[in-house]
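**Q** For reference, the chains in residue letters:
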Amino acid sequence: AQKITQTQPGMFVQEKEAVTLDCTYDTSDPSYGLFWYKQPSSGEMIFLIYQGSYDQQNATEGRYSLNFQKARKSANLVISASQLGDSAMYFCAMREGRDTGRRALTFGSGTRLQVQP
Amino acid sequence: GAVVSQHPSWVICKSGTSVKIECRSLDFQATTMFWYRQFPKQSLMLMATSNEGSKATYEQGVEKDKFLINHASLTLSTLTVTSAHPEDSSFYICSARASGEGRNQPQHFGDGTRLSIL
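Protein chains in written order, with the numbering used here: chain A, 18 to 134; chain B, 1262 to 1379.
Hints may be right or wrong, so weigh each one.
What the hints assert, rightly or not - Here are the simulated distance ranges between beta carbons:
1) A:G114 x B:C1274: 34 to 40 angstroms
2) A:K33 x B:Q1290: 19 to 25 angstroms
3) B:N1331 x A:E61: 32 to 38 angstroms
4) B:T1278 x A:L101: 38 to 44 angstroms
5) A:G102 x B:Q1303: 32 to 38 angstroms
6) B:S1344 x A:Y71: 21 to 27 angstroms
7) B:Q1303 x A:N75: 26 to 32 angstroms
8) A:D46 x B:K1275: 43 to 49 angstroms
9) B:D1372 x A:T22: 44 to 50 angstroms
10) A:T24 x B:D1372: 26 to 32 angstroms
What the hints assert, rightly or not - Calculated cross-link-like contacts (lysine-lysine; reagent style BS3-like; alpha-carbon spacing at most 27 angstroms):
11) B:K1302 x B:K1325
12) B:K1325 x B:K1281
13) B:K1327 x B:K1316
14) A:K20 x B:K1281
15) B:K1302 x B:K1275
16) B:K1325 x A:K90
17) B:K1275 x B:K1325
18) B:K1281 x B:K1316
19) B:K1325 x A:K20
It should be emphasised that the hints constitute simulated quantities derived from the structure, not laboratory data. No residue lacks a Cβ here, since even glycine has one placed at the ideal position from N, Cα and C.
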């Protein structure tokens, strides 16, 4: 079974509008972390936002917010006021288990976001 | 913030050549580094976990004799693709976490290496 599922291969959004990128996850471990990364065409991975499984509030970082619905095992990324520079691939990722710094991330298949002027 | 440097950025070489990719943590120590592989328009797939001073842990299906990993110090891990063939052409990217960082700190990624085998 897929650990991280991103069901939207591609999304379009008008500049200045908000967009939601979907992510669902599957784990039986009560302790986990969820991450969103942005990957522009140049290839580097840019960290956007983190949500821990025990966090009570949804994470926010500037124009990025994470809609964390633990019971539904979803961690959707919301980008507000889209900008042309937001056009990129977006990956949802999960680290299972306690954070020891020694656990790799499992990535979803990604969503390609295109912001239109 | 923590920086991971990966070198080289691009490699184009002939089939049968061995290629070494370096991953350095510039301002922190990393007992563990991770190597991922990404084919065009696909996701990042973990290849192996590199542990300082010990053998790397490889994911199922990754040939350890093909992809040699050495983590000789707390700031450097290397991936050597031995006798590379066109099917090894891919984007290779490493990541690391600083020891002792808070739980909400992400893995820090290098900028990746695009490997093209002719």
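**Q** Next, verify each hint and record whether it holds.
**A** Taking the hints in turn, this is what the structure says about them:
Between A:G114 and B:C1274 the beta carbons are some 38 angstroms apart, a value that agrees with the proposed interval 34 to 40 angstroms. Checked against the hint of 19 to 25 angstroms, the pair A:K33 and B:Q1290 fails, with Cβ atoms roughly 43 angstroms apart. In this structure the hint that B:N1331 and A:E61 lie 32 to 38 angstroms apart at CB is violated, the actual value being about 24 angstroms. In this structure the supplied range 38 to 44 angstroms holds for B:T1278 paired with A:L101, their Cβ-Cβ distance being about 40 angstroms.
With their beta carbons about 23 angstroms apart, A:G102 and B:Q1303 fall outside the hinted range of 32 to 38 angstroms. At about 47 angstroms, the CB distance of B:S1344 to A:Y71 disagrees with the hint of 21 to 27 angstroms. Between B:Q1303 and A:N75 the C-beta distance comes to about 29 angstroms, which sits within the given range of 26 to 32 angstroms. Distance hint for A:D46 and B:K1275: a CB-CB separation of about 45 angstroms, consistent with the stated range 43 to 49 angstroms.
For the hinted restraint 44 to 50 angstroms between B:D1372 and A:T22, the CB-CB distance of approximately 27 angstroms leaves it violated. A C-beta distance of roughly 29 angstroms is found between A:T24 and B:D1372, which places it inside the suggested range of 26 to 32 angstroms. The hinted pair formed by B:K1302 and B:K1325 meets the criterion: a straight-line CA distance of about 25 angstroms does not exceed 27 angstroms. With a CA separation close to 14 angstroms, the supplied pair B:K1325 and B:K1281 stays within the 27 angstroms bound.
The suggested pairing of B:K1327 with B:K1316 holds, with an alpha-carbon distance near 15 angstroms, which does not exceed 27 angstroms. Restraint check: the Cα-Cα separation between A:K20 and B:K1281 comes to about 31 angstroms, which exceeds 27 angstroms; the hinted pair is violated. For the hint pairing B:K1302 with B:K1275, the CA-to-CA distance comes to about 24 angstroms; that is within 27 angstroms, so the pair holds. For the proposed pair B:K1325 and A:K90, the alpha carbon gap of about 35 angstroms is over 27 angstroms, so the pair is violated.
Taking the CA atoms of B:K1275 and B:K1325, the gap is about 21 angstroms. The hint holds against a cut of 27 angstroms. Restraint check for B:K1281 and B:K1316: the C-alpha separation of about 17 angstroms stays at or below 27 angstroms, so the hint holds. Note on B:K1325 and A:K20: the hinted pairing holds, with a Cα-Cα distance of about 25 angstroms set against a maximum of 27 angstroms.
Checked against the numbered hints above, the structure violates hints 2, 3, 5, 6, 9, 14, 16; every other hint is satisfied.
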